[in-house]
Amino acid sequence: EDQVTQSPEALRLQEGESSSLNCSYTVSGLRGLFWYRQDPGKGPEFLFTLYSAGEEKEKERLKATLTKKESFLHITAPKPEDSATYLCAVRAPNQAGTALIFGKGTTLSVSS
Amino acid sequence: DTEVTQTPKHLVMGMTNKKSLKCEQHMGHRAMYWYKQKAKKPPELMFVYSYEKLSINESVPSRFSPECPNSSLLNLHLHALQPEDSALYLCASSQATGGYSQPQHFGDGTRLSIL
Numbered sequence: 001e002d003q004v005t006q007s008p009e010a011l012r013l014q015e016g017e018s019s020s021l022n023c024s025y026t027v028s029g030l031r032g033l034f035w036y037r038q039d040p041g042k043g044p045e046f047l048f049t050l051y052s053a054g055e056e057k058e059k060e061r062l063k064a065t066l067t068k069k070e071s072f073l074h075i076t077a078p079k080p081e082d083s084a085t086y087l088c089a090v091r092a093p094n095q096a097g098t099a100l101i102f103g104k105g106t107t108l109s110v111s112s
Numbered sequence: 001d002t003e004v005t006q007t008p009k010h011l012v013m014g015m016t017n018k019k020s021l022k023c024e025q026h027m028g029h030r031a032m033y034w035y036k037q038k039a040k041k042p043p044e045l046m047f048v049y050s051y052e053k054l055s056i057n058e059s060v061p062s063r064f065s066p067e068c069p070n071s072s073l074l075n076l077h078l079h080a081l082q083p084e085d086s087a088l089y090l091c092a093s094s095q096a097t098g099g100y101s102q103p104q105h106f107g108d109g110t111r112l113s114i115l
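Protein sequences, first through last, are from chains A and B.
Here the first sequence is numbered in the numbering used here, starting from 1 and rising by one per residue.
Here the second sequence is numbered in the numbering used here, starting from 1 and rising by one per residue.
Hint data in this document are derived by calculation from the structure and do not stem from the laboratory.
Just so it is clear, the structure is predicted and the values come from calculations on it, not from any experiment.
For every residue, glycine included, the Cβ atom is placed at its ideal position computed from N, Cα and C.
Any given hint could turn out to be false.
Stated by the list, open to error - Derived DSS-like pairs: lysine-lysine, alpha-carbon spacing no greater than 30 Å straight-line: (1) 41(B) - 63(A); (2) 19(B) - 57(A); (3) 9(B) - 68(A).
Claimed, not checked - Which residues of chain B face chain A? A partial, calculated answer using Cβ under 10 Å: (4) 7; (5) 8; (6) 41; (7) 58; (8) 60; (9) 63; (10) 64; (11) 68; (12) 83; (13) 86; (14) 88; (15) 90; (16) 103; (17) 105; (18) 106.
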């Protein structure tokens with residue numbers, strides 16, 4: 001069964017304290033891995049797409065990487081405004097159409 | 001600002017009411033989605049439309065009825081809902097591709113409360 005597992009469930013950081021969020025997946029024939037940020041009461045905001053092992057994407061303080069079994073979202077010198085829930089999602093070839101499988105998310109809190 | 005617009009932002013309805021949720025996008029996307037999200041849970045897929053045709057119905061109860069009038073609009077008609085249907089309803093859109101997936105772009109949702 002295709003699965004996506006995110007860890008940790010919650011992460012508290014001090015401003016400037018770098019860390020990483022993990023997304024492990026068991027999908028054969030990955031067709032895309034997506035990172036989203038979701039603020040309370042808002043819809044998920046698209047951050048990155050990764051398609052193949054070794055690929056990396058960067059945006060401001062965020063960097064996403066992909067291996068054959070997992071993806072990491074590295075946060076460098078975070079600021080309080082980076083506080084949000086970060087969702088990972090994958091598409092597998094046995095998913096009809098363009099459906100995604102979401103992980104349960106990591107809630108990040110950054111304090112000043 | 002999100003490029004997927006959902007209305008209304010909030011909706012309170014009784015179990016006997018009929019209401020509709022609306023979603024609009026002008027990105028030229030030909031795949032549109034409805035998701036349901038409960039508090040502290042990830043989005044759960046409900047329906048997928050591809051080129052204005054329903055391609056996925058994730059065994060959603062018939063009290064939820066989707067409609068795609070054209071390539072920019074997506075509606076979700078609600079009737080005789082239950083209290084457990086209270087949730088954030090999210091609309092998303094993406095380019096429709098058969099192979100590698102394109103990212104889905106979400107609206108900010110409609111917060112639905114069933115009395």
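Quiz item: Okay, which hints does this one fail, numbers in order?
Solution: Those not satisfied are hints 2, 3, 4, 5, 8, 9, 10, 11, 12, 13.
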